[in-house]
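Residue numbers for the sequence shown, in mature numbering (1 follows the signal peptide of the UniProt record, and there is no 0): -28 to -1, 1 to 341.
Everything labelled a hint here was simulated from the structure, so no lab data went into it.
One thing to keep in mind: the hints can contain errors.
Claimed, not checked - List time: in silico DMTMM-like cross-link candidates among lysine to aspartate or glutamate, alpha-carbon distance up to 20 Å: (1) K315 <-> D260; (2) K269 <-> E330; (3) K79 <-> D39; (4) K87 <-> E43; (5) K29 <-> D4; (6) K83 <-> E99; (7) K87 <-> D33; (8) K138 <-> E43; (9) K69 <-> D25; (10) K138 <-> D192; (11) K10 <-> E130; (12) K90 <-> D192; (13) K191 <-> E57; (14) K65 <-> E55; (15) K79 <-> E54; (16) K85 <-> E99; (17) K90 <-> D38; (18) K94 <-> E55; (19) K65 <-> E32; (20) K65 <-> D4.
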Amino acid sequence: MTIRSIRLTALPVLIAAMLFSSGTSALAASKDDREVVKVVSVSLNFSNPEPGDPVDKDMEDSVSVDDGTYEISEAEYTTKKEEWEYNDKPVLKIKVKIPKDDQDDYKFKSKAKLKLEKGDVKVDRSEISNSSTSATVTVYLRPVSGKAEATSDLRWDERYTANWEKVDNVQSYTLRLYRNSTQIADIDTTATHLNLASYMTTPGKYSFRIRSNAGGAAKDNSRFTEKSDYKTITQENIPTEEDIRQGDISLPVWVRDGDYWYIDQGGQKLHNTWFQDTDGNWYYLGADTYMKTGLFKDSDGNQYYLNTKDQPDASIPLGAMRTGWLTYHDRTYYLNPNEGGPKGAMLVNTTVTIDGKECTFNEDGALQQ
């Protein structure tokens, strides 16, 4: 073999070796050796907003971080409102970043964890999303709540209208009407006056009290006020049919009669019928006009369970139709939650799949174990 041929054979090997060496050096040079930040820690340094509070447009001074490798770049509520109202659900967006000068030294871990120091803030939940150099923390605060302020200046006009002062940041009012010392009606309204002619057709001394309703938990409602002055009704000033037609009470309302309730619709008591309130709850008014509670069988033979004081579902009012699972006298039943079932009817003599599990109910509706 000649020297020339040896040189030609060795040349490709030399080139390959140089390329490999070059590539290895490039890989070494591109290796990411930045320190990884695995946890983003954020502290909340404020109180939950209350009804009537202005919405703070800049919350940067109200949140902080305890790690010098990153900083708060922005913090604000997502709402466009100027003022908080009852039941608003505040959502706070907090943006965190690694300063530009430090981005060669630090990076956030993919899917970094969040450590949220809540302090006195009541939070429903929180979450984090991030890139290598920035993160967004979303904090879902508890709904805005607070004790509703009681109204004042209760008064009657010259006829049959009850009046009271407007209260800011309340959803509605409940008027409780009395004849002499007996409570005869509870009426919900968003107005600050009610013509009560249809309830004042019996002689007596009428008075009323008002409760301000926050629109959330019952504990946030105000107490009922003291009673108003009396409005005396005699045979001479009993409301006429025209007075009643001009009254405000023409829609169905709940009326208290002892320990039971019935619906009065423009002076007519509903009976032998289902009634749905504005919150979507269903009730049944019997032949005696009173609201049913407990187990109830309709004319078609369907059996329902209507909320009771003894075994209540706290999420719905007394008398409202129950749906879903029910434990009653140590036995388990299932009340149809669907509109087409009929809704609320107890499942009997059937086998169905509920939440992925096959369930069999006997002729009494009890779940077979």
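Here is what the structure says about each hint:
| no. | hint | in the structure |
| --- | --- | --- |
| 1 | K315 <-> D260 | 24 Å, violated |
| 2 | K269 <-> E330 | 26 Å, violated |
| 3 | K79 <-> D39 | 13 Å, holds |
| 4 | K87 <-> E43 | 15 Å, holds |
| 5 | K29 <-> D4 | 39 Å, violated |
| 6 | K83 <-> E99 | 11 Å, holds |
| 7 | K87 <-> D33 | 19 Å, holds |
| 8 | K138 <-> E43 | 46 Å, violated |
| 9 | K69 <-> D25 | 30 Å, violated |
| 10 | K138 <-> D192 | 17 Å, holds |
| 11 | K10 <-> E130 | 72 Å, violated |
| 12 | K90 <-> D192 | 23 Å, violated |
| 13 | K191 <-> E57 | 16 Å, holds |
| 14 | K65 <-> E55 | 18 Å, holds |
| 15 | K79 <-> E54 | 37 Å, violated |
| 16 | K85 <-> E99 | 9 Å, holds |
| 17 | K90 <-> D38 | 14 Å, holds |
| 18 | K94 <-> E55 | 19 Å, holds |
| 19 | K65 <-> E32 | 10 Å, holds |
| 20 | K65 <-> D4 | 30 Å, violated |
This entry does not satisfy hints 1, 2, 5, 8, 9, 11, 12, 15, 20, going by the numbered hints stated previously.
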